[in-house]
Structures are given as C-alpha cells and as structure tokens.
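Novice: Chain by chain, the residues run as shown.
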Amino acid sequence: MTPEKKVLLEVKNLKVYFKVKTKNRLPWQAKKKLKAVDDVSFSIYEGETLGVVGESGCGKTSLARSLIGLNPISSGEVIWKGKNIAKFSSKEWFLLRSEIQYVFQDPFASLDPRYTVGEIIAEPLTVHEPGKSQAYYREQVLTIMQKVGLTEKMINRYPHEFSGGQAQRIGIARALILRPKLLICDEPVSALDVSIQAQVINLLQDLQKEFGLTIIFIAHNLSVVKHISNHVMVMYLGKIMEYADKYSLYHMPQHPYTQALLASIPEPDPVVEKSKKAVLLEGDLPSPINPPTGCVFRTRCPIASAECAEIIPALENTNVGAAHQVACIKV
Amino acid sequence: MATLLEVNNLTIDFTTRNGTIHAVDSASFILQEGQTLGIVGESGSGKSQTVGAIMGLLPNNATVSGSVKFQGQELLGLDAKAMNKIRGDRICMIFQDPMSSLNPYLTIERQMTEVLCLHKGMSRKDAKIESIKMLDAVKIPEAKQRINYYPHEFSGGMRQRVMIAMALLCRPKLLIADEPTTALDVTVQAQILNLLAEIKQEFHMAMILITHDMGVVAGSCDYVEVMYAGKLVENAPVEALFATPKHPYTQGLLGAIPKLNDNLEKLITIPGELPNALHPHAGCPFADRCSKVMDICRTQMPGSTSEGPDRSVKCWLYHSGEVA
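Top to bottom, those sequences are chains A and B. Heads up, the first sequence is in the numbering used here, so the first residue is 26 and it goes up one at a time. Heads up, the second sequence is in the numbering used here, so the first residue is 847 and it goes up one at a time.
One or more hints might be untrue.
[What the hints assert, rightly or not] Listed below are several chain B residues computed to face chain A (Cβ distance under 10 Å; list not exhaustive):
(1) Lys974
(2) Ile975
(3) Leu1030
(4) Ala1064
(5) Leu1087
(6) Phe1088
(7) Gly1098
(8) Glu1111
(9) Lys1112
(10) Leu1113
(11) Pro1117
(12) Leu1120
(13) Ala1123
(14) Pro1126
(15) Gly1129
(16) Asp1134
What the hints contain is simulated information worked out from the structure, not anything from laboratory work. Given the structure is predicted, the values throughout are model-derived calculations rather than measurements. The C-beta atom is built at its ideal place from N, Cα and C for all residues, glycine as well.
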C-alpha cells in the first residue's frame, strides 16, 4: 500500500490572458486578448515530478510563470498550503518565493554577468536570511556547489568562464540554496548538448531524492519528460489535452494530439524509424489570439468532425489506467 | 553508384586574437550520388565548418587545406566567380534558422526568381512560374498568392519550406542541410523531414544532413560520420552504427539519449565537457572523458581501422596488435 499522496499545489481553472495591442481598433470593437493559459486545472503531489509538454506557444511557460507571480493571473486559483496565492500578502509572497524556485532555459541569460558565481548563489540567502555571518554564507554556498557538482575553486569566477552545462548547474545551485519545496524547471536542458543534457537530468533526479523536492519539469522533448516525470500533462494552445501518469500516457495515449506528438519523435533506432508509418499532423499551431472554436486542436486533428467545432471538450477521466484524463469528445 | 563528393584531409584553422583554433582536423569522407550522409556531433565539433568549407562560406580568418572534389572538380581555392556558379546551382544549402537566411525586405518572389535569373538566365516571368511550381512541390498551400508574401508572414515551418523550395530551384545534385529542423517543433520537424526524404527521391539528389539529434539521423540518413572536437571519429552505415557503435564517444552519445521505449533508472552520461579548441592536447581529444582510456590515448591520435564493410573507427581499442 502506498501512503496517501499529499497535494502540494493545486491549480483551479487558471486563466492567463494577455492584452494585445490592436492597430486601428475602433472604440466599439472588442479588445483582443491572447489566451496563453485557458481554464487549466491540475494538482501536483509532494515529492513528484510533473512533466509539462507541448509545442512552442502552447502556454507551458506562461503557466509556470503565473505560479510564482511573474505573470498576472486573469482568473482562477492557485492554492499553495491551502490558500490562494492571489490573496497573499506581501509577507506571504516573500515566503512563497523561498519555497518555490525557478530554473530558467537559457543559463547565461539568467545569470548576472557582473556577479561572481559565489555572489549569484549567495544572493537568495542574503535576502531571505539576512544578518548571518560571512562564514555561514560561504559555507552554505560551498555545500550547495559541491552538491551540484561545482568545485570550490570556481566560487570567484564569472558566468562567462563557464560552459552551458556548468552555467545550468549554477542556476540549479542558486535555486536550491534556500531548500525550496517546489522547483520549477523551464526547459532546463534544451539549450544543452546531449551528453551534457544527460548529466543535468541525472543531477536533478539525485537532488530530488536528496532534498525531497517536488519538480515541475517543462520541456518540449517528450523523451526527456518521460525519463524524469511521474505525471505528464500535454498542453496545446493554452489548454490541457491529456493528463496521466507517465506509463499510461506513453503506452496508451488517448488524445489524437498526444498520439501525433509521440509519433513525431524521431527514435534513435534506424530499424524502428525507417519502418515507422508516421501519423503526420498537417499545418502549424493556430494563433492563440484567434483560437479555433470548440476544440482548439480540431484544425489539425485527423479525426475531427463537425461536432468538434461546437463543443469545447472538458478534461474528463477515462477508463484507461488510473486518473488518466483526456479532453476529447471522440475518446 | 558514382562518387559525387570527395573530401580528403580537410583541415580548417581559424586565426583569432587568442590564438589558432583548430576547428576541423584532417577530415576525409566520400559521398555517393543519391546518398544521404549524416554528420553528427555536439556543438563546437566542427560540423558546420566542414560544410562551410565545401560551400566556400568560411570567414576570412580561416585557413583551409586538403581537398574537396565535387564531380571531379576541386572546389578549394576556386575564385569567387567560379564558386558562385556552382553555389546555388549544383550545390545548395539550407540553414538552421530560416528567418535569418531570408531577406526580410524582399518578397519571396524576388528572392526566388533571383536564383533562376542568375543561374539559368530566365526572364522574371518564367522564373515566377517555375518558383510557384516549386512552392507547390514543397506543399505550400495557395502558392500563387503566397509567393508575394514577405518572410515574416510565414510560420517557422513554412519558412523552412520556402528555403527548401529556393534551394531546389536549380535542381542541385547536392543539398546540404545544416540543422534544418533544430528550430522547429517536433510535429513540424516530422513534416520537414518527410518532405526532405520525398524531394530527395523526386529530384535524385544527394544530401548532407548536419544534426545533433541521433533520432533524426536514424530516420533520414544512409551513412553517418560522427565528429568530435574537429575529428571524424567513426563512420558507418546507419544501421550498423546504431546496432554496434564502436567508438566510446558514439556509445556514450547513444546512451545519453532518453528513449521512449525503455525505462532506465539513470541515463548513461559522458563525464566532463568538450575540450577547449584553443588548447587541444596531444592524443585523442576524447581521452579525458573516455571510460576506456589507455596511456597511449593521451599521447597519440589513433589512425583509423576498418571495422567491417564500409565502416571505420579511430580508437586505440581497435588497434589490438599495435598496442603493447
């Protein structure tokens, strides 16, 4: 028997809309909105890794940024420790930021080029635990550097002296120095070479075990997500298409989009790859300013019918696996 | 099959303020007509510089030696005028980022017809008809209207299709694709790779595909060259390479990719990072990261040994007789 899983973070009907400047808009015309995240609900359990996948522009990053207050939330709730973060006081926000940390995609853009590695990693600590002795800060920084595989002599170097993989390790060290509960990794390995990618993924898994971290792992690479996640959420144009535990999702994908996405991944095996009959998706992602009516995927869906243009499919449980949810009226 | 391209001992050095960078070190390979050759390697391994040398597109501070023979003609040392005749006509190239390789100020029509007017001496009118045909061939819907669009009016995948159409205009013998799908989403990547395979058949071209994605190599290539730090370390037909990778780097590279249909607890990693191209050390460039490193690896670069039909590898592990 597995013990009851504790929900760490719950998202209910989250919507993140952005205003779009419209040229020559007449006063009686409606303002255009870009629906980056549209009515998304999910929970993330303590100690787990939730993988979020989707093509560029599907709202994965907007979703993650709104969880830490970097994007305004248009409507809906994000519940952290039983309270909606939209109603947080500034003091609570301050605390929240030490408990949720973020690792960014581009390791160099997210590190201040004028700070040394030591200063970069120590900064969150000096903000959240002010007034401690210098020896304490130094010791904390060195401990975390050693945990992420950086050596002591690197502490006085600047970001430009590092390679991409090492810079990403610095970003991870900075995120972990406050011992957060939730780590949001936004495409942490997509800028890295394959051999370095594997190092960083293994590192994240080791750190997760050691610190009991919960991770939201955003990526467009389905193979990487499969490797690291417990649950996987597939997004398309701001909506969740499918949510399931990883075995169920990868072995029994229900949504036509997930199926197409899985079929599109080139497998590193020439025998499999050359005999594969690909179910190719036609066309590109539609504009999120003008999303299709009904199901947002219907314009590229191989099994779409007239009904799909009218009914907005809800994310519903299926009879496949445990808690396997799909938003499609055909399933 | 006839040999289309023959590269022999291609060496490329860049002179910089900080010293000389050895980008490519005596690379040799052969491309047969109609074949797809994959060049794989991590960033900085010299893949792009190799094809840059073939196309004569290297910056001024590059020193190139060796030989590149295309249909029996030596390309290295050719003057700009002669090279311009071949480039865009018999050898074409498509790049990673289709936005920065199209001119944002000109319509697609202007950019496409220019190729035909220059190389084939066609009139603008004929060139336009031919261009529309080609846009149809790469499956751009409503090509007749779309040809008047500017590059920004297309999506990433469509732009890459435009680039491919433009490259095909003169029916080249060789198409070089430098990471053609890296900037695209997986579903669009699958479309473009499919398209490339189709047009390759249709136009009887040979192709050099540069990529870092082993999955793309597996699906699209006949023959593979693995590059590491400027050196070709292994070459083999694609099936053989994936079934029995010989070089420890190739083995590590294949192990480091998470696969969809296995459930490993941990990924196999290659420790360390690419060596600094400014200060290469003697011996095999992979020695510092190799799990099977021997003493000789640090002092001498191994020559290549033949490992079965059409494949060879540069690693001391396969020089059994010579290593004491």
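Novice: Look at each hint and say if it fits the structure.
Specialist: So, going through the hints one by one against the coordinates:
1. Lys974: This hint is violated: B:Lys974 lies away from chain A, its Cβ roughly 25 Å from the closest one there, beyond 10 Å.
2. Ile975: 26 Å, violated
3. Leu1030: The hint holds - B:Leu1030 has a Cβ within 10 Å of chain A, the shortest such distance being about 9 Å.
4. Ala1064: Given a least distance of 4 Å, the restraint on B:Ala1064 holds.
5. Leu1087: Cβ of B:Leu1087 sits 8 Å from chain A, so the hint holds.
6. Phe1088: Holds, because the Cβ-Cβ distance from B:Phe1088 to chain A comes to roughly 5 Å (cut-off 10 Å).
7. Gly1098: Because about 6 Å separates B:Gly1098 from the closest Cβ in chain A, which is inside the 10 Å limit, the hint holds.
8. Glu1111: 9 Å, holds
9. Lys1112: The hint holds - B:Lys1112 has a Cβ within 10 Å of chain A, the shortest such distance being about 6 Å.
10. Leu1113: Constraint on B:Leu1113 satisfied, holds at 4 Å.
11. Pro1117: At about 7 Å, which falls below the 10 Å cut-off, the nearest Cβ of chain A leaves the hint on B:Pro1117 intact, so it holds.
12. Leu1120: 8 Å, holds
13. Ala1123: 12 Å, violated
14. Pro1126: 16 Å, violated
15. Gly1129: Since the shortest Cβ distance to chain A is 20 Å, the answer is violated.
16. Asp1134: 13 Å, violated
Going down the numbered hints, you'll see the structure goes against 1, 2, 13, 14, 15 and 16, while the others check out.
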